[in-house]
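Let chain A serve as the given structure and place chains B, C and D with the ligands on it in line with the hints.
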Amino acid sequence: MLLINCPYCGERDQSEFTNGGEAHVARPKDPDQVNDREWSEYVFVRANPKGIYYERWVHTHGCKKWFNAIRDTSTDEILKIYKIGETPPLIKRFKNTLRSPSGEPDVGSGNFTVKKP
Amino acid sequence: MKKKYSIFNIVKNAFSNNENWKKMWRNPEPRKFYDIVIVGGGGHGLGTAYYLAKEHGLKNIAVVEKGWLGGGNTGRNTTIIRSNYLWDESAHLYEHSLKLWENLSTELNYNVMFSQRGVLNLAHNEHDIKEIKRRVSANKLNGIDSYWADTKQIKKLVPIMNTENCRYPVLGASYQPRAGTARHDAVAWGYAMRADELGVDIIQNCEVKKIRTKNGKVYGIETTKGIIRAKRVGVVASGHTTVLAETAGIKLPLQSKPLQALVSEPIKPVINTVVMSNAVHAYVSQSDKGELVIGAGTDGYNSFTQRGGYNTIEDTLRAIIELYPIFGKMKMLRQWGGIVDICPDASPIISKCEIEGLYFNCGWGTGGFKATPGSANLFAHTIAKDKPHSINAPFNLERFVSGRLVDEHGAAAVAH
Amino acid sequence: MTRTFVAKGMEIVQQDMQQILLRGKGDGSFADTVNKEISLLPPTDNLRMINNDEFLFAKQSFDQWSLVCLKPKPEKEIFRLVSAFNANEEILASDYSNTTYFEITGENKDHYLSKLTHFDLRTKKFPISTMAQTLIARIDCSIYHFQDKYLVTCHSSFEDYFKDRLQDAINL
Amino acid sequence: MSEHKIYFKFDGKTYGGNEGDTIAAALLRNNVKLVGRSFKYHRPRGIYTCGIEEPNALVQIINEHNEPNVRATVKKIYEGMVVKSQNRWPSLKRDLGSINNILSPIFSAGFYYKTFMGPKGFWKNVYEPLIRRTAGLGKPPREFRSKSIHLHHNVDIVIVGGGFSGLLAAKKLAGTNYDVLLIEREDSLGGILKNTKKIELINDQNPSDWIEKTERLIQNSRNIKVLKNTLMTTYNFSDHLIAVEDKSVGKPQDNEKPELVLHKIRTKQTILANGHIERFISFRNNDLPGVMLAASFEKYIQKYGVVPEESPVIFTNNSSTFSLVKSLVDLGHKPKAYVDVRDQKKIEKETVELLNKYNIPLYAKSEIEGCEGKNEISKVSIRVKKNEIIKIKTSMLCVSGGFNPDIHLFTQSKGLLKWDETILAFKPEKTFQNTITLGSVSGNFSYEKLIGEINKKLDFFEGINDLEIKLNINGPKKFQIKELWETNHAKKSLWSKSFIDLQNDVTTKDLKQAVLEGFNRIEHLKRFTTNSMGTDQGKISSINALGIVSKILKKSVSEVGTTIYRPPYAPLSFSAIAGRSTYEFYDPERKTPVHPWHVKHNAVFEDVGQWKRPWYFKKHNNESMEQAVQRESKQVRESAGILDGSTLGKIEIKGKDALAFVNLIYTNSFTKMKPMTARYALMLGEDGMVKDDGIVCKINDQHFLTTTTTGGAANVLAHMEEYAQTEWPNMNVYMNSITEQFSTFNISGPKARTIMSRVFNNIDFSNESFPFMTFNNFDYLNTKVRILRASFTGEPGYEIYVSPKHALTLWERIFYYSKDLDLVPYGTETMHLLRAEKGYIIVGQDTDGTVTPIDLNLNWMIGKKKKDFIGKRSLTRSDIVRSDRKQLVGLVPLNKAYGIEEGQHVIEEKNLNTPIKKPVKMLGHVTSSYFSPTLNHSVAMALIKGGNRKIGSQLYVSTSDLNVIPVEVVKPNFIDPKNERLIS
Ligand SMILES: Cc1cc2nc3c(=O)[nH]c(=O)nc-3n(C[C@H](O)[C@H](O)[C@H](O)COP(=O)(O)OP(=O)(O)OC[C@H]3O[C@@H](n4cnc5c(N)ncnc54)[C@H](O)[C@@H]3O)c2cc1C
Ligand SMILES: NC(=O)c1ccc[n+]([C@@H]2O[C@H](COP(=O)([O-])OP(=O)(O)OC[C@H]3O[C@@H](n4cnc5c(N)ncnc54)[C@H](O)[C@@H]3O)[C@@H](O)[C@H]2O)c1
Ligand SMILES: Cc1cc2nc3c(=O)[nH]c(=O)nc-3n(C[C@H](O)[C@H](O)[C@H](O)COP(=O)(O)O)c2cc1C
Ligand SMILES: [Zn+2]
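Residue numbers (the numbering used here), protein chains in the order written: chain A, 1 to 117; chain B, 1 to 416; chain C, 1 to 172; chain D, 1 to 984.
Simulated from the structure, these hints should not be mistaken for laboratory data.
Cβ coordinates follow ideal geometry from the N, Cα and C atoms, glycine included.
Mixed in with the good hints there might be a few duds.
A few chain A positions that, by computed beta-carbon distances, are all more than 10 angstroms from chain B [stated by the list, open to error]:
id, residue
1, 7
2, 21
3, 24
4, 44
5, 49
6, 91
Derived pair list, reagent style DSSO-like, types lysine-lysine, alpha-carbon separation capped at 30 angstroms [unchecked claim]:
id, chain 1, residue 1, chain 2, residue 2
7, C, 163, D, 612
8, C, 73, C, 109
9, D, 917, C, 36
10, A, 92, B, 210
11, D, 213, D, 478
12, B, 12, D, 124
13, D, 886, D, 917
Excised from the complex, chain A in its bound form (with noise of 0.2 angstroms):
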């Protein structure tokens, strides 16, 4: 359960929000221009990243507003939260293999809890 610090309204329960999927995908300026496959991508493709994500969430039970965050897709961790219209801040990718909790790893999926010997 994800604790999410809405720009607005401060540190709220996971359960007052929505997703909304991927930040920064704008749309064509000019629809008649673009061809069937643009459209098509700006229509159905988002960005799936197993890692760092640039999203977008709305407080769909508090103020409403909607705000971006950039979250570990393979932790689920929170690493900033700005608002729509700021310029997304940048995130260097962290190599932290050691804590991923994404649950694949070699021998028995407990293991990503296990310190390698």
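Just chains B, C and D with the ligands, lined up with the frame of chain A:
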């Protein structure tokens, strides 16, 4: 078939104190080159390798799995199998699979415990009723066993269900008697054993890091065990498919989300039918071991952590005890998540792509276990012939450009 | 109708109040328009509420305010205020009077509410004279934190459900 | 001990126990050792532990709604409690299922997968039903509606475990500015101090006095709250914790009160001080009743005052069993033998001295080979020097195989573990969340180091107290252990078993077999053998299994790894998780202000989202829905009807850019529209599919009012907000949902105008001054109304918007004024029928997310000149412009007596050959179908392939019993196609 399992063979082994069993599959080191590499050792991947060898007589095949066989969604799903889908394309796909299920234990000589105990999909409002009746009609005309069950029939199948005295009463259901469940792990193991027997190299603990291409053609894969060259690569990595596709420069319309499930403590049988409900979101069946296997809805955010939000579990159990008040005294034994890859139209992709020799089988989302034999069989066909089978032809990648989706969300919009 | 729920160290009174929901930039022209009608300046800090005997004025987020009439007014007066606010073309004012209002007092009010909401009511997190929009008993509510009481509001179609939940939480 | 005896029943026989006894303690008090049968082989099983880790002693509580699988070692007795053993028939002593034990060599790991495959049909009809009959442990519970509640906490620090370390941590935090919650699963604090003789004195006081004093200090500090009888079960992400409190410990359940409270906790820091779990050692028949973990045995003595056996045999591989000996000798009892696998030299001198002092035989460098007995142990075999076996008679054997830090919660939090060679166990290595581990859960098994550890780890908290503790320790100060997971059997037998998972009947042989078959990964081993998949989740067995497997695989335990720990820590009640938001509170029922009137007038309601909407009104009790709908529909067309449309979503949109905004949101163009007029509007998704519809009223270019479908209200507002905030943040536009601020009534029918003129006698409703699709605000009584001339029935109609406070009054006034005008209240079903006669669509019924406006022949609603609107671009994709897409048409049965069923399919075939073997080609399906009382035949709408071109042709519609009905394809407009009545 070399490894013949039977009661005689079991007794024989019993008398040697069970100390002479043979390995179910080898543990080979990867070769430098394969004709075909399948990425992903789930049911779909192992099955694909099996059918490539068995039905297309192909050799020099490897399955590369980053963890352990069946450790992905194959090993963490609620095992519901049915074929009563709305659109013709889907109905043909899942019915193809269901027919294979009906003979799978015999075919593999490994009991996958396919249990045709019937599946009910409940209707809780007028909108559900309309949708379900439409689906039942379409199923019937497609030759699939599908019926409208009224509350009385439901009560007969599942006496413990609370159909009236609840917020959203049960008004009816679709019922497919041939549908049911299977023992998920056995499916992966059975396919693995038989594929191995046909010469397929099954390589575990080997993560594919990158798909290499050259001049628009597949060249091979980079793995944690080194580079493996391959003429054709089939990716069946469920939740991780986009991660792999991206390394070949391909963007797929998939989102990976957690889907959670839980089991209760085991009890003597009380529910002999699989029951699903969309409006009151929960589905349940009881395993042959006695625990209730309960599925939740997907969590609404992308994640690769194989766990989801606690609120989803709470919502699921609210629905469960609303529908089955006798489960108020049951206890949750264990709760887990898988990562499902969801397509915008809730239908899978079994398709070639713009890179020659690269094939994708993905987008099964919350419902691909039931498709395991069918999907594997059709994917093998697609790879072997470099051309889709007529059944999987509609499930191509082009559909997102042209708009010819197979939208299995059903009537997602609500009336009035 | 004033309805009361009582439990140990806690009392809930349902009140008749009225409300106007305001949207706008919150700039000078916004403040002027509002001030002219009710002689109150809109709070500028997010989640801050100010009040006098007549009105409670709270900023719910950067472009949204709620104005609660703590003492009932003739309906005509509300209509007048709404149109006066709406005369400013950069303000949207909607009559939100059809809302349900509960005042909760007593030293056990936090404990009691914690049966129904995950919201952090500790004063260090939810200071006096602030407001919050959150979930109580799984429905959308606003909570206004007064010196010695909470004012909780929700949509009126949830009124029956909400009252039943309040009573249930008292019983158990 | 307490004088007060409590009487309860176990398997029909009455026993007496003491207050505070668990079922297990009370049974041991009565010398009952056999309490259940195992899962697979139905072997007799007894009480193995004294706590939540119990794998064997699971019972059913009959008088608590038949609750199954209750741990006898946790559940406390009360007067009149009725308990039964599980998984046996006909009785616990003589259980038919135990025949499985004889067949056990066959039931080896993975047995099911290798057989039961043929002949055809046998699996389904013979084998599976047989297997299912043996499934499960307890019997299903009985119906019951729980009153368990939730309680939320927001705190700074949670301490899990009120044992020695937990108490010390709390003591350090007492009086600070942190809000602290201390959670202890037992009914008292103290943990190991209460359960063992390990500590003699703390600051020169005996431990129970020290606990009491410390507890008082904690309770008096204003910042620490203590919850007892509360089990921490779940450690979620973001330091979100779930704990469950048992409210009916030692008393019968009161069905009117919460029996459990689920605590949902948000914290900043979590201190895990939840201790350790003792391990066993596998040997032949290590599952026989009478085998018990050594620390558990001591806990029965210290905590419950029960001595399960005065002279047991003790078997150990570590230093901890000293205190068990001490506990026994202090009471004047004497263990029969003390068997230690360690070399005599390695055994702590305190232990040797104590054993010598009381003349207790010590067998060093020896091990238990196995034990014998029928329903409980009668003798044990000890392998002493040079493989020599000696047998000793005893009824109990206490085993200690070392300790595992109780890492379950820690790994749930995603912390990392490390194998520690000195304690031979996994212990926390790296935290993932804000977690601190203290005491034995952190792998610190030394009391001396405990104070230092706590001082160090809690140092960063502000204003923390100093701890000064002096300890007098009984026995060895340092924990020492020698690795031993399984002892050797004296001889090989097909039937001899040493167990690893007692609950799921997994033997060490099964593990070996699994490895032989290639399941050499721990997760495979688990699934193939079902090891640690029981209700105890392998609390005492899973690490032992790793030990054994690592030996077979010749790998280190670290390399083998653990299986993943998943929540909950121990089985957690469904109804506690669900809390109060179920049964009567499952989902709110939203009601309109006129609801009471509807109830009074026999409305039957339909669930639409959370709303209760009148579906139809029963004129009398015998009237069927069909009759009512036919009557209502006819009456609307002949005179007038009124519908409560208050549930429709309503949105007020305002701002300088409002016009541009609505032009982008809807397909229609609103630019040329005159102020105070209205327009039927469509909303698409970016994929070009119809998403919602409604009426848009324009007050002026800056101010609009729109309606949405009832079910779509929230989504439509969210959709608008999303675009306004994220896509076009520079647009000056605001919107408010005003759904609940206005009640809406739709009056329509030939007499609608008369009714309106009577109710609002100052308004001119003539076509000239109040034309179709215009609206205005009016003063009415003490309030205001907005009236819109629009219709969804094809009759002249008006929509009245009024403040909900006045809604019921107005509604009643309308009836008052219509007494002689035959006004009928109608529900959603009649509304659906009337609009279908006109060919108006219902989004969600005639559309399903795959339908474009073009498919619906609503091209006229697309603002052709608009450069852009949401979904526009998608309408030109190749598949969307195909002329053979499904299009909306009307259907009329050729034989007017036939009714067409909704959801049936339109086909070209005259007959269906049943049973259907080959798929039948379907053109599309019937989206709406009603019997029109006005036309006296069925009218239907359908989405069929190339429908527009098929107008006038004959096709067939299937029926649910697989017949066909010939139909004519027509335009979907059955009544008043020229709209003459509508605008009359
Ligand atoms: C909780 C839950 C409940 C479900 N319930 C049902 C149900 O009731 N009925 C139903 O039909 N379906 C259900 N499903 C869906 C179903 O489980 C999946 O659709 C199906 O199992 C997918 O099979 P697969 O073989 O494609 O994928 P998987 O079994 O996930 O196999 C993919 C494999 O690829 C491997 N892999 C990934 N990346 C790499 C890489 N880079 N290199 C090497 N290997 C890699 C993974 O480790 C994994 O083993 C459920 C899913 C979940 C999570
Ligand atoms: N020398 C030895 O033989 C030996 C062996 C092991 C430990 N030790 C020592 O024993 C001491 C143990 O102290 P400690 O405080 O770590 O353990 P403890 O056993 O005293 O306390 C743990 C407490 O946590 C409670 N608890 C456990 N899980 C819980 C849950 N999920 N929810 C709520 N409560 C829960 C238990 O009921 C118990 O009261 C340490 O000092 C350690 O060094 C000594
Ligand atoms: C159909 C099904 C039945 C299961 N039954 C049990 C069970 O009886 N006991 C148990 O501990 N786990 C059971 N599990 C859960 C597994 O232990 C495990 O949690 C799940 O496969 C996910 O893997 P992971 O937890 O290792 O990530 C079951 C899983 C499935 C899919
Ligand atoms: Zn917010």
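Task: Distance rule for residue 7 of chain A, whose beta carbon must clear each one in chain B by more than 10 angstroms - done: holds, 18 angstroms
Open item on the list: Please verify that the nearest CB of chain B lies beyond 10 angstroms from residue 44 of chain A's CB.
Closed with: violated, 4 angstroms
Task: Restraint status (C-alpha distance of residue 12 of chain B to residue 124 of chain D at most 30 angstroms) - done: holds, 26 angstroms
Open item on the list: residue 92 of chain A and residue 210 of chain B were given as a pair; does the straight-line alpha-carbon distance stay at or below 30 angstroms?
Closed with: With Cα atoms ~21 angstroms apart, residue 92 of chain A and residue 210 of chain B stay inside 30 angstroms; holds.
Open item on the list: Hint check: residue 73 of chain C vs residue 109 of chain C, CA-CA at most 30 angstroms. Holds or violated?
Closed with: Cα-Cα ~29 angstroms, so holds.
Task: Beyond 10 angstroms from every chain B Cβ - status for residue 21 of chain A - done: violated, 7 angstroms
TODO: Find the nearest Cβ of chain B to the Cβ of residue 91 of chain A and say whether that gap is larger than 10 angstroms.
DONE: holds, 16 angstroms
- [ ] Compare the distance between the alpha carbons of residue 917 of chain D and residue 36 of chain C with 30 angstroms, and conclude whether the hinted pair is satisfied.
- [x] Violated, at about 78 angstroms.
Task: Proposed proximity, residue 917 of chain D with residue 886 of chain D (alpha carbon, max 30 angstroms) - done: holds, 25 angstroms
TODO: Confirm or reject the statement that residue 24 of chain A sits farther than 10 angstroms, beta carbon to beta carbon, from all of chain B.
DONE: Given that every Cβ of chain B is farther than 10 angstroms from that of residue 24 of chain A, nearest at about 15 angstroms, it holds.
Task: Pair hint residue 163 of chain C and residue 612 of chain D, alpha-carbon separation not exceeding 30 angstroms - done: Measuring from Cα to Cα gives roughly 18 angstroms; hence the hint holds.
Open item on the list: Over 10 angstroms from every CB of chain B: does residue 49 of chain A meet that, or does the non-interface label fail?
Closed with: violated, 7 angstroms
When each numbered hint is compared with the structure, violations occur for hints 2, 4, 5, 9.
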